[in-house]
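The chain contents come next:
Number of protein chains: 2
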Amino acid sequence: MSNLDKNNQSNFDTALFGLLLDRGLASNLQTQLIEALQKVFSGAHDFSGLRLPSSRVLAQELSVSRTTVVNAYDQLVSEGYLTTAPGSGTFVAHHLSHLTSPVARQSIQPPPQKWVPFHSGVPDQPLFPHRVWSRHLERAWVKPTSDLLGRPDPFGWYPLRKSIADHLSSWRKLECRPEQVLITSGASEAFDIIFRGLLEPNRIAAVEDPGWPIMREALAVSGATVEPVRIDDQGLDAEQISTKASVAIVTPSRHYPTGISMPLSRRSALLSWAKRTNGLIVEDDYDSEFRYQGQPLPSLAGLDRLQRSVYLGSFSKLLSPALRIGYLVLPESRLKPARSYMSRSGARASLIPQPALATFMESGEFAKHLRRMRRTYAKRQASLVTELTPVSDLVDVSSDPSGMHLCVPLRRKLRRLATDETITAQAIDAGLYVRALSAHSVLPNPPQGLILGYAGFDEAVLAKAANKMRHMLRRMAEQ
Amino acid sequence: MSNLDKNNQSNFDTALFGLLLDRGLASNLQTQLIEALQKVFSGAHDFSGLRLPSSRVLAQELSVSRTTVVNAYDQLVSEGYLTTAPGSGTFVAHHLSHLTSPVARQSIQPPPQKWVPFHSGVPDQPLFPHRVWSRHLERAWVKPTSDLLGRPDPFGWYPLRKSIADHLSSWRKLECRPEQVLITSGASEAFDIIFRGLLEPNRIAAVEDPGWPIMREALAVSGATVEPVRIDDQGLDAEQISTKASVAIVTPSRHYPTGISMPLSRRSALLSWAKRTNGLIVEDDYDSEFRYQGQPLPSLAGLDRLQRSVYLGSFSKLLSPALRIGYLVLPESRLKPARSYMSRSGARASLIPQPALATFMESGEFAKHLRRMRRTYAKRQASLVTELTPVSDLVDVSSDPSGMHLCVPLRRKLRRLATDETITAQAIDAGLYVRALSAHSVLPNPPQGLILGYAGFDEAVLAKAANKMRHMLRRMAEQ
Numbered sequence: 001m002s003n004l005d006k007n008n009q010s011n012f013d014t015a016l017f018g019l020l021l022d023r024g025l026a027s028n029l030q031t032q033l034i035e036a037l038q039k040v041f042s043g044a045h046d047f048s049g050l051r052l053p054s055s056r057v058l059a060q061e062l063s064v065s066r067t068t069v070v071n072a073y074d075q076l077v078s079e080g081y082l083t084t085a086p087g088s089g090t091f092v093a094h095h096l097s098h099l100t101s102p103v104a105r106q107s108i109q110p111p112p113q114k115w116v117p118f119h120s121g122v123p124d125q126p127l128f129p130h131r132v133w134s135r136h137l138e139r140a141w142v143k144p145t146s147d148l149l150g151r152p153d154p155f156g157w158y159p160l161r162k163s164i165a166d167h168l169s170s171w172r173k174l175e176c177r178p179e180q181v182l183i184t185s186g187a188s189e190a191f192d193i194i195f196r197g198l199l200e201p202n203r204i205a206a207v208e209d210p211g212w213p214i215m216r217e218a219l220a221v222s223g224a225t226v227e228p229v230r231i232d233d234q235g236l237d238a239e240q241i242s243t244k245a246s247v248a249i250v251t252p253s254r255h256y257p258t259g260i261s262m263p264l265s266r267r268s269a270l271l272s273w274a275k276r277t278n279g280l281i282v283e284d285d286y287d288s289e290f291r292y293q294g295q296p297l298p299s300l301a302g303l304d305r306l307q308r309s310v311y312l313g314s315f316s317k318l319l320s321p322a323l324r325i326g327y328l329v330l331p332e333s334r335l336k337p338a339r340s341y342m343s344r345s346g347a348r349a350s351l352i353p354q355p356a357l358a359t360f361m362e363s364g365e366f367a368k369h370l371r372r373m374r375r376t377y378a379k380r381q382a383s384l385v386t387e388l389t390p391v392s393d394l395v396d397v398s399s400d401p402s403g404m405h406l407c408v409p410l411r412r413k414l415r416r417l418a419t420d421e422t423i424t425a426q427a428i429d430a431g432l433y434v435r436a437l438s439a440h441s442v443l444p445n446p447p448q449g450l451i452l453g454y455a456g457f458d459e460a461v462l463a464k465a466a467n468k469m470r471h472m473l474r475r476m477a478e479q
Numbered sequence: 001m002s003n004l005d006k007n008n009q010s011n012f013d014t015a016l017f018g019l020l021l022d023r024g025l026a027s028n029l030q031t032q033l034i035e036a037l038q039k040v041f042s043g044a045h046d047f048s049g050l051r052l053p054s055s056r057v058l059a060q061e062l063s064v065s066r067t068t069v070v071n072a073y074d075q076l077v078s079e080g081y082l083t084t085a086p087g088s089g090t091f092v093a094h095h096l097s098h099l100t101s102p103v104a105r106q107s108i109q110p111p112p113q114k115w116v117p118f119h120s121g122v123p124d125q126p127l128f129p130h131r132v133w134s135r136h137l138e139r140a141w142v143k144p145t146s147d148l149l150g151r152p153d154p155f156g157w158y159p160l161r162k163s164i165a166d167h168l169s170s171w172r173k174l175e176c177r178p179e180q181v182l183i184t185s186g187a188s189e190a191f192d193i194i195f196r197g198l199l200e201p202n203r204i205a206a207v208e209d210p211g212w213p214i215m216r217e218a219l220a221v222s223g224a225t226v227e228p229v230r231i232d233d234q235g236l237d238a239e240q241i242s243t244k245a246s247v248a249i250v251t252p253s254r255h256y257p258t259g260i261s262m263p264l265s266r267r268s269a270l271l272s273w274a275k276r277t278n279g280l281i282v283e284d285d286y287d288s289e290f291r292y293q294g295q296p297l298p299s300l301a302g303l304d305r306l307q308r309s310v311y312l313g314s315f316s317k318l319l320s321p322a323l324r325i326g327y328l329v330l331p332e333s334r335l336k337p338a339r340s341y342m343s344r345s346g347a348r349a350s351l352i353p354q355p356a357l358a359t360f361m362e363s364g365e366f367a368k369h370l371r372r373m374r375r376t377y378a379k380r381q382a383s384l385v386t387e388l389t390p391v392s393d394l395v396d397v398s399s400d401p402s403g404m405h406l407c408v409p410l411r412r413k414l415r416r417l418a419t420d421e422t423i424t425a426q427a428i429d430a431g432l433y434v435r436a437l438s439a440h441s442v443l444p445n446p447p448q449g450l451i452l453g454y455a456g457f458d459e460a461v462l463a464k465a466a467n468k469m470r471h472m473l474r475r476m477a478e479q
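Chains Y and R, in that order, are what the protein sequence lines are. Its first residue numbered 1, the first sequence is counted upward by one per residue in the numbering used here. Its first residue numbered 1, the second sequence is counted upward by one per residue in the numbering used here.
Take the hints with a grain of salt, since some may be wrong.
Claimed, not checked - With a cut-off of at most 35 Å between alpha-carbon atoms, the simulated DSBU-like pairs for lysine-lysine come out as follows: (1) R/K368 / R/K379; (2) Y/K379 / R/K464; (3) R/K39 / Y/K39; (4) R/K244 / R/K275; (5) R/K379 / R/K413; (6) Y/K464 / R/K143; (7) Y/K143 / Y/K244; (8) Y/K468 / Y/K143; (9) Y/K379 / R/K143; (10) Y/K39 / R/K379; (11) R/K468 / Y/K143; (12) R/K39 / Y/K173; (13) Y/K39 / R/K336; (14) R/K379 / R/K173; (15) R/K413 / Y/K39; (16) Y/K173 / Y/K275; (17) Y/K39 / R/K275; (18) R/K114 / Y/K143; (19) R/K143 / Y/K368; (20) Y/K336 / Y/K275; (21) Y/K114 / Y/K379; (22) Y/K143 / R/K379; (23) Y/K468 / R/K143; (24) Y/K143 / R/K143; (25) R/K468 / R/K413; (26) Y/K143 / R/K368; (27) Y/K114 / Y/K244; (28) Y/K114 / R/K143; (29) R/K39 / Y/K368; (30) R/K114 / Y/K336; (31) Y/K143 / R/K413; (32) Y/K114 / R/K336; (33) R/K368 / R/K275; (34) Y/K275 / R/K468; (35) Y/K468 / Y/K114; (36) Y/K336 / R/K368; (37) R/K413 / R/K173; (38) R/K244 / R/K336; (39) R/K368 / R/K413.
None of these hints come from the bench; they were simulated from the model. Bear in mind the structure is a predicted one, so any value in this text is a computation, not a measurement.
I would like the entire structure built from these sequences, with the hints used as guidance.
Here it is in structure tokens:
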């Protein structure tokens, strides 16, 4: 039997065993069964030649007497829908194939939405060790250990939490117990947990401006009120936070989207603010592994020893945003309310990827892959900077030595002729997914610039896209 | 190299490549590097005998000059931390092993929480075709198709949505387009989407009483106000819904937890209510595949042709609650607001299990497994009923021919002596996870009964647990 035939046979079985007979109807069960079977045989699928289940099996599945099925089969044989071969069973008649209309139930599948330059936050997917990863998945689930099948912990699978704690200790100078790690389905859920589970309702959160627009929306959905704080060239200044705010959400390793790294003085000021006001710091450490020159400053939460800060990490830059595995690291004092909230809201992160991710980390594949991506992205960044240097009179391409995207401010000459929004609109028309820096601000007079993701695209693709971009900018400047 | 050694080598590499040097510190980079390496060598892991990366590689990884690394290595050799073998590299000295303290970073792993009888809602896990499932997972991800790596649709992976639409058409008489199916991480997220995405804030939702306590909590978290409506022996009566409620959440196929199936007359009344008041019906069709006698009534949402109802399904009864894949089927009119909400809140369901689940369904394995579970659970239910028949003067064990648990009301004789809460407390002390029916009510004078899950436990385990239960009840009755 070919795979196609097998598939057909199981569609057929599914159709038969899923038949619904209604005991409340006036027509008897035998008549209903005959009509239902006729409908199956003349439906969208061509089942001609397939064998029917024995009358005993179908009777059991449909909870009807065997006589009902035998009589229905007999009737359908006499009507020409079915044929019998003595000793081998009952089959759908071959001449029925003309009744079927194979397109009837077909649905049009939408084309997959591709990543195009300069989509940001997209990891390089061909470079990901898919074979290794799929083997980790398979191994975790072929014969799952009892702890994978037991009552799930709403904080996530313990060995993964332990691998994350180990990773943070060696890469981010953040010492924590695995018990402080809470596996989430990503940043949006993390904000839900923080603003609904750890804090009183309607808290005011100081956020960096410019900042991550999706985060502002997720915060609104989580019931937080957003207070935008304009950053300067050292990132967020704690002095600028209003007295109403009780939370500060920051990206100290690498500000999003400008790439600014917050110096130690500002970090200390933020910790003092938290201490003085009894505030909570949320450190979104989104791209910290990708730094190409120099060493990253250790995490702010590590500096704080997780007293007044929550650390937010993610694996979406590893394989794909679709992995949907992130994590929170919580202060000891917040564990109890977090547990209470998780038991009410329920865990959202699937357990399926968790053991695979844990062994992927434990085996060293994860660190190896991060290092490989770091080298690759460094080259891609350098290449994009080189490609854009001919238009450096229009945009400032002085390289930011980290991350997965460039943020290039418009120079005054270009600013007089166009806004980043108009440039972005033109770029998108030309098939380049550029985003405007100003779209990341809600405050008046936002900075003007372009966000260009490079991590997900190889040098050839980037060169072509940069070429388009250069010509577009040059044309604008000459108008 | 053994696996252990390999593992050790990669821990070592991770430790080295993750070193953080601080350019802002007074001490120079070479001194910092020496100190950091000493710390690695005398840390929790025993790295003695392992080879260090070449000075070129480490210098590149740490973004320091090669000279810095060469000098640091030399210094450590002279201090006895490292040894060199001409032509083959630099190694951690063997005598360092006494410095390590292998227990230092060990964390105590909590024992897995096992399922015990009579936990309800737990599928039988040994019966699940783990081998087949793990192969589907591996195949989906060993060489993922471009649509798995593209921009994820917040409604979930299209082929899975199509498989679900097909399944609902054949099993639940619910005809829908794949575009109406939204993949969620489970019921809690589904309620978030409905109450935050589809409806105005602070809606009042009529819910069945008794009902699912977790749902009431999830609703509260989602910002809905709950209006409990006492059910009778035909389930919820639309006439009892107050004029303030604009949503009704029901389990018509099999009421939770009593198992009552809502007759057609009540379903029609509910549809009229929705039409008259412009209300929304949420059909939670949680166990509909498991009916052992007779045929289930088709879904309410199917009867309504998805005009005024949202259908809620789940796969947690398939493999484990930890799968965290469920779905919503939405009326066409609700697709636009749902899409807008999902783009703001972000998808929570991981993509990792989705292609595996789609091929698992397409290949017919899913329907085959459901049928197998149906047969198994039917036997388990019959066996539990038989085991409890000797105490049928105390509890009403008249079998409900469906589902994964029995709901056995206390008879008057027992009710005079004990409440279901006291019985439950005693049972839990005896290692039996029984829940009280009254705990599912918020209205006064709740019905008294015991909820006994049987699906996840084989006949031998059930017999032993039922024996304990019988003795316990008999003892109570004789006091």
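Comparing the hints with the structure gives:
no.	hint	result
1	R/K368 / R/K379	holds, 17 Å
2	Y/K379 / R/K464	violated, 65 Å
3	R/K39 / Y/K39	violated, 74 Å
4	R/K244 / R/K275	holds, 15 Å
5	R/K379 / R/K413	holds, 29 Å
6	Y/K464 / R/K143	holds, 27 Å
7	Y/K143 / Y/K244	violated, 53 Å
8	Y/K468 / Y/K143	violated, 52 Å
9	Y/K379 / R/K143	holds, 26 Å
10	Y/K39 / R/K379	holds, 32 Å
11	R/K468 / Y/K143	holds, 32 Å
12	R/K39 / Y/K173	holds, 13 Å
13	Y/K39 / R/K336	holds, 34 Å
14	R/K379 / R/K173	holds, 26 Å
15	R/K413 / Y/K39	violated, 53 Å
16	Y/K173 / Y/K275	holds, 21 Å
17	Y/K39 / R/K275	holds, 31 Å
18	R/K114 / Y/K143	holds, 17 Å
19	R/K143 / Y/K368	holds, 20 Å
20	Y/K336 / Y/K275	holds, 21 Å
21	Y/K114 / Y/K379	holds, 23 Å
22	Y/K143 / R/K379	holds, 26 Å
23	Y/K468 / R/K143	holds, 32 Å
24	Y/K143 / R/K143	holds, 22 Å
25	R/K468 / R/K413	holds, 20 Å
26	Y/K143 / R/K368	holds, 20 Å
27	Y/K114 / Y/K244	violated, 43 Å
28	Y/K114 / R/K143	holds, 17 Å
29	R/K39 / Y/K368	holds, 22 Å
30	R/K114 / Y/K336	holds, 22 Å
31	Y/K143 / R/K413	violated, 48 Å
32	Y/K114 / R/K336	holds, 22 Å
33	R/K368 / R/K275	violated, 38 Å
34	Y/K275 / R/K468	violated, 55 Å
35	Y/K468 / Y/K114	holds, 19 Å
36	Y/K336 / R/K368	violated, 43 Å
37	R/K413 / R/K173	violated, 43 Å
38	R/K244 / R/K336	holds, 26 Å
39	R/K368 / R/K413	violated, 44 Å
Consistency with the previously given hints fails for numbers 2, 3, 7, 8, 15, 27, 31, 33, 34, 36, 37, 39, ordered from lowest to highest.
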